[in-house]
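When you get a sec, could you build the whole thing from the sequences and use the hints?
The chain contents come next:
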Amino acid sequence: MTSTHVAAPARSGGPHLGERRKKDVYRRTMARLGWGFSAPALLVIAAVTIFPIMFSVVMSFSNVNVLGSGFQIDGFTLDNYSIVLTNSTWQYALVFTIGYTVITVIVEIILGTLIALVLERLVGGRGWMMAMLLIPWSLITVISATLWDYIYDPIAGVATQILSVLGFGHPVILGSPASAIIAMMIADIWKTTPFVAIIVLAGLVMLPRDVYEAAEIDGANGWKTFWRVTVPLLRPTIALAVLFRVLQAFGVFDLPFVLTQGGPQNATTSLAILGYRAMFTDLKFGPGAAVATTTALLVVLGCLLFLRVFRSQVSETEM
Amino acid sequence: MSSRRTTGGRIGLIISSILVVIFVMAPIYWMLATSLKTTAGVAAAPPQWFPIPISVENYVTAFTQYDFGQYILNSLIVAIASTVLVLAFGTFAGYALGRLPMRGRFTIMVLLLIISVFPAIALIAPLYLLMRNLGWLNSYQALIVPYTALNLPFAIWILRNYFIGVPKEMEETARIDGAGPFRTVWQVVLPMTLPGLFTAGIFAFTACWTEFLMALSFNSADAFRTIPVGIALFGNAHITPYGTIFAASAVAVVPIAILVLIFRRSVVSGLTSGAVKG
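One line per chain: the protein sequences are F and W, in this order.
Numbering-wise (the working numbering), the first sequence opens with residue 1 and increments by one.
Numbering-wise (the working numbering), the second sequence opens with residue 320 and increments by one.
Calculated from the structure, these hints are not laboratory results.
Derived, one-sided and incomplete: chain F residues facing chain W with beta-carbon distance under 7 Å:
no., residue
1, G34
2, S38
3, I45
4, F55
5, R121
6, A131
7, T146
8, L147
9, V158
10, L247
11, G288
Source: prediction; values computed, not measured.
From the three backbone atoms N, C-alpha and C, an ideal C-beta is built for every residue, glycine too.
Take a look at the structure:
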């Protein structure tokens, strides 16, 4: 990546001084051109991300007074963080978001890998199956959340009907904390497992065939081959799927916003829901910014930790 | 591997394939079936398994009683404009970062990667204040500008990887023929990286089409609502008109379904190239 591209390699004669200088000038011109080419993109990105991130951090360390027509930043303080960190709703949201992320990602990876293994064996129709798997991925989350809300409806819901046929009475699925959390996880697992399946399937298809032949000659059975050959070879693919699913799940907002509004009794209040509510419902911009900043910090730390652990595997596939 | 050859293995494969189809498609069937039910059918308990009698009243309501046509138009304007900008800026940036001898390219690429996974909640409040100060709340640019910026990092990564794969001799030839840098990118390099453009384009479009948090925060006025916001704010606090929502949803799925089916290969290659936002 850091290797530089020199334009025309000088083949004739030795490295004449004039020629080298000409090459230097050319390189500098090309570098300047590169900055010119990247400038529009980098400026837009900086304006929309870097400036707000810095502003968020400043706001989280300030007394923010909301006035009728706007707000006013008034002096340095650590109050926002002490308000947030000692708040039981925030503590619960942190635990909930981490638990939700860990459980859904584990289930999605297992189910997604199983689906990928099925599809890998299919001879015909694999293309159509892949197209089908893309449907939940491309569905607007607000739509899938509304769909699951209807499925969980206490009167007309299919899930309610099935549970009552199975002898669970007439449960209000989204009405109690435990069942609401499970219901939300199921909705998430349905939408994102196909996405994991596609990534794993693509990884499976690219595995070298000769390793399997060698395993077969050694007399390894299917199960042994799967654990000793397939899983180790798939690890980089699965690592990437985990990384992106974890980051996405950690910022979960659309699904609880529509399905449960963070309830019942804050049971499904994720960090993103909490931050949004603090800023846009309660107009507490200081604490809201503190929630946003701590969430962002956790994401960046998680990212760095992940890159440390899986550095070799990520760099293999990505850089 | 050996199960492929036995009859038992084949039956097991067929059964598990059917289970996969049911897992993915049952909720989709339920959405479509509900959209075709009458109002009484939607609220029926126990639920009707099939939409009998079939009714299109939900579709009529979505477009007459609610402004769903306007929401679709808003979503199309925002998503298309953002995608075009992402591809235009992303092409030149991706080419420069992949091919031109700039110092600090590696740092920039890593920064872009971090930005592309940053939680939107961390940006939303300052962006909201910025939009308000600019007088941009409830406007198309309030979404086009952030969508462009937030989808650029991924597009740059994808396009850069494609540009690295273009043989350098092609550019040399173009340069010797007297083509300037813009023309070299436009006429020589770009045509060779069309699959990368499709991939980057469909990812940007899908992300814009489905984005909710910013659309909800910046454009909540009826005239500028995109589809997700329109659907989330359908009905009122007491009644959720599921039939109408699913009719609208079925219509909203069409553009993205067409794109996904046409560019299936591009989507899969994008998903598997590692950097993914969903």
